[in-house]
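**Student:** Let chain A serve as the given structure and place chain B on it in line with the hints.
Protein chains: 2
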Amino acid sequence: MATTTVCVPNEAARDGIPPVPEAVRIIMWDGFGDPPAGVADTEFLLGAYMGKPMPVESLAMMPRLRVIQLLSAGIDLWRPVLPEGVLLCNGRGVHGGSTAELAVTGILMLLRHMPHFVSAQQGHAWSPETGESLDGKGLLVLGSGDIGNRVAAALEVFGAVTTRVARTARAGVHGIDELPELLPGADIVLVSVPLTHQTRGLLDARALAALPDGAIVANIARGPIVDTEALADETEAGRLRAFLDVTAPEPLPPEHRLWSAPNVIITPHVGGGTQGWSRRGFQLARDQIARYVAGEMLHNVVSDDY
Amino acid sequence: MATTTVCVPNEAARDGIPPVPEAVRIIMWDGFGDPPAGVADTEFLLGAYMGKPMPVESLAMMPRLRVIQLLSAGIDLWRPVLPEGVLLCNGRGVHGGSTAELAVTGILMLLRHMPHFVSAQQGHAWSPETGESLDGKGLLVLGSGDIGNRVAAALEVFGAVTTRVARTARAGVHGIDELPELLPGADIVLVSVPLTHQTRGLLDARALAALPDGAIVANIARGPIVDTEALADETEAGRLRAFLDVTAPEPLPPEHRLWSAPNVIITPHVGGGTQGWSRRGFQLARDQIARYVAGEMLHNVVSDDY
Numbered sequence: 001m002a003t004t005t006v007c008v009p010n011e012a013a014r015d016g017i018p019p020v021p022e023a024v025r026i027i028m029w030d031g032f033g034d035p036p037a038g039v040a041d042t043e044f045l046l047g048a049y050m051g052k053p054m055p056v057e058s059l060a061m062m063p064r065l066r067v068i069q070l071l072s073a074g075i076d077l078w079r080p081v082l083p084e085g086v087l088l089c090n091g092r093g094v095h096g097g098s099t100a101e102l103a104v105t106g107i108l109m110l111l112r113h114m115p116h117f118v119s120a121q122q123g124h125a126w127s128p129e130t131g132e133s134l135d136g137k138g139l140l141v142l143g144s145g146d147i148g149n150r151v152a153a154a155l156e157v158f159g160a161v162t163t164r165v166a167r168t169a170r171a172g173v174h175g176i177d178e179l180p181e182l183l184p185g186a187d188i189v190l191v192s193v194p195l196t197h198q199t200r201g202l203l204d205a206r207a208l209a210a211l212p213d214g215a216i217v218a219n220i221a222r223g224p225i226v227d228t229e230a231l232a233d234e235t236e237a238g239r240l241r242a243f244l245d246v247t248a249p250e251p252l253p254p255e256h257r258l259w260s261a262p263n264v265i266i267t268p269h270v271g272g273g274t275q276g277w278s279r280r281g282f283q284l285a286r287d288q289i290a291r292y293v294a295g296e297m298l299h300n301v302v303s304d305d306y
Numbered sequence: 001m002a003t004t005t006v007c008v009p010n011e012a013a014r015d016g017i018p019p020v021p022e023a024v025r026i027i028m029w030d031g032f033g034d035p036p037a038g039v040a041d042t043e044f045l046l047g048a049y050m051g052k053p054m055p056v057e058s059l060a061m062m063p064r065l066r067v068i069q070l071l072s073a074g075i076d077l078w079r080p081v082l083p084e085g086v087l088l089c090n091g092r093g094v095h096g097g098s099t100a101e102l103a104v105t106g107i108l109m110l111l112r113h114m115p116h117f118v119s120a121q122q123g124h125a126w127s128p129e130t131g132e133s134l135d136g137k138g139l140l141v142l143g144s145g146d147i148g149n150r151v152a153a154a155l156e157v158f159g160a161v162t163t164r165v166a167r168t169a170r171a172g173v174h175g176i177d178e179l180p181e182l183l184p185g186a187d188i189v190l191v192s193v194p195l196t197h198q199t200r201g202l203l204d205a206r207a208l209a210a211l212p213d214g215a216i217v218a219n220i221a222r223g224p225i226v227d228t229e230a231l232a233d234e235t236e237a238g239r240l241r242a243f244l245d246v247t248a249p250e251p252l253p254p255e256h257r258l259w260s261a262p263n264v265i266i267t268p269h270v271g272g273g274t275q276g277w278s279r280r281g282f283q284l285a286r287d288q289i290a291r292y293v294a295g296e297m298l299h300n301v302v303s304d305d306y
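Going down the list, the sequences are from chains A and B. Just so it is clear: in the first sequence, position 293 is 293 by the working numbering, and no numbers are missing. Just so it is clear: in the second sequence, position 184 is 184 by the working numbering, and no numbers are missing.
Excised from the complex, chain A in its bound form:
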């Protein structure tokens, strides 16, 4: 039985992924520094979570590479370096729950005026203020994946009314071409689409201007899907509100005006990666390696037109 070489990026993965089938050899490299012995035999490569993609010249040292498995939902950083003929698989399901949770947190914080109450608490002030509830609010979910579905399920418990938009229209889902007509009815817009050439700048100045006064933009996907400067203009003017776990640029530099725009809550790309994520991530990697060795279909394959 031939040995299959699997390359993992760090000790955590090397220690966390086993048990793997007997015929699997695990080597460790993130593509930086000296390559380990056997790197040229690599068939299955695990990308580092939240790390840099492997440099093209390192990937070129793996002529037998067949699969790149990521532990993130997003694949935008790796697509530019993907060698021809190599299958790319993402980490769908690993972070979906915790990312959706964070989106719900941020949306509720804005509706319930939590920035005001947090400030009041810092000043030891009991300072009631009338917030809003989700009851009857229009939630526009951009993207048809697990994250959007979970956010919708949680917010619908409190009476939010969901409208879904995805690349392709189908039953219960509007096509992305209908976005201009849908934005004026959205009290909350959840950005949960992958970053592609189609979604870059999807929420530009014009789209943001179409939102009603006081609308909330929640971006837990990728920064460049929203026009940062246009959003800063709208929030500084007090017209829109935003919850951003991702920004463009990222990290957001200290001098950026978004940090102190009113009704903007920023978290530093922590949607995924909560405690326990690595257990789920390594389980996925273990299962995918076993499928690869057994010649079975891999899961989470990201098609070219993703």
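Honestly, I wouldn't trust all of these hints.
Because identical chains share one entry, a pair is satisfied inside a single copy or across any pair of copies.
Each computed DMTMM-like pair below joins lysine to aspartate or glutamate, with the alpha-carbon atoms no more than 25 Å apart [as the list claims (entries may be wrong)]:
#1 K52 with E129
#2 K52 with D76
#3 K137 with E156
#4 K52 with E84
#5 K137 with E178
#6 K137 with D213
#7 K137 with E250
#8 K52 with D177
#9 K52 with E296
#10 K137 with D187
#11 K137 with D34
#12 K137 with D30
#13 K52 with E236
These are computed hints drawn from the structure, not numbers from a lab. Nothing here was measured: the structure is a model prediction, and the numbers come from that model.
**Tutor:** Just chain B now, kept in the frame of chain A:
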């Protein structure tokens, strides 16, 4: 047809409740200051939301009083002044959604380390920190009402596992006597019981000590159900975390140590009363007045042993 006199506490209620049946006369008084003409004919009294209960001597001016309708879920402030033979009805359903929403907000803020991120944002610092997700967390809901059910439904979307406790055990609900055995397995305790002589001090020093390290106490019901000083001790020690929309005393005085205890988030009793609550509240009052005039059974009657 005899005229029925309904006494409402303020202009908002006087203007918001109609249309009422033709035979209803609405007068306005909150029990303070000079009584209006016709006060002695009052049969149906609407209490002010978040206001003081009517003084006993004012209620004594209403010998024909049959019903006191409140717009809050809690009745603890009015019970001491309730004249014998008068039916007390609460505002169940008016604020449940928004109160549950606020509980979810506070719980998620603590799990996702939002106090850290809010501070980081104030310093314009991109400062990632690993939070927790709800996946697999034990949620202990004290109380069997609408609020607890909604919080459970929302948190279960993200994998929380709910255990319910109410005064009386029944299918799927543990009795309050089982609380000591249930506390050690609770990562999150939601306090959503009414304040009664049975629930005052329910979460005392001993009960809090039985919670596991890092557990979250979320109180959106009434302050005196939790022992404030014991909770301050546990949170100052860094052992427990808390989200409190209600406190004892209330308002919490500026010098109180709870304001600055780590991992304590305090909001000033704003669970209900979000925008739109009065529409739901006045609808309830309108419906109840119509039922009373028609001789039908009233809804939301709070039994003596509530």
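**Student:** Decide, hint by hint, whether the structure agrees.
**Tutor:** Verification of the supplied hints:
1. K52 with E129: between (44 Å within a copy, 19 Å between copies)
2. K52 with D76: Within one copy, since 11 Å is at most 25 Å while 58 Å is not.
3. K137 with E156: both (9 Å within a copy, 21 Å between copies)
4. K52 with E84: within (20 Å within a copy, 73 Å between copies)
5. K137 with E178: within (20 Å within a copy, 39 Å between copies)
6. K137 with D213: Classified as within; 13 Å inside a copy, 37 Å across copies.
7. K137 with E250: neither (30 Å within a copy, 31 Å between copies)
8. K52 with D177: Answer is neither: 33 Å inside a copy and 54 Å across each miss the 25 Å cutoff.
9. K52 with E296: neither (29 Å within a copy, 70 Å between copies)
10. K137 with D187: So K137 and D187 pass the 25 Å test inside one copy only (6 Å; across, 31 Å).
11. K137 with D34: Classified as neither; 55 Å inside a copy, 42 Å across copies.
12. K137 with D30: For K137 and D30, neither the intra-copy (45 Å) nor the inter-copy (34 Å) Cα distance is at most 25 Å.
13. K52 with E236: neither (33 Å within a copy, 40 Å between copies)
Going through the hint list in order, the structure does not satisfy hints 7, 8, 9, 11, 12, 13.
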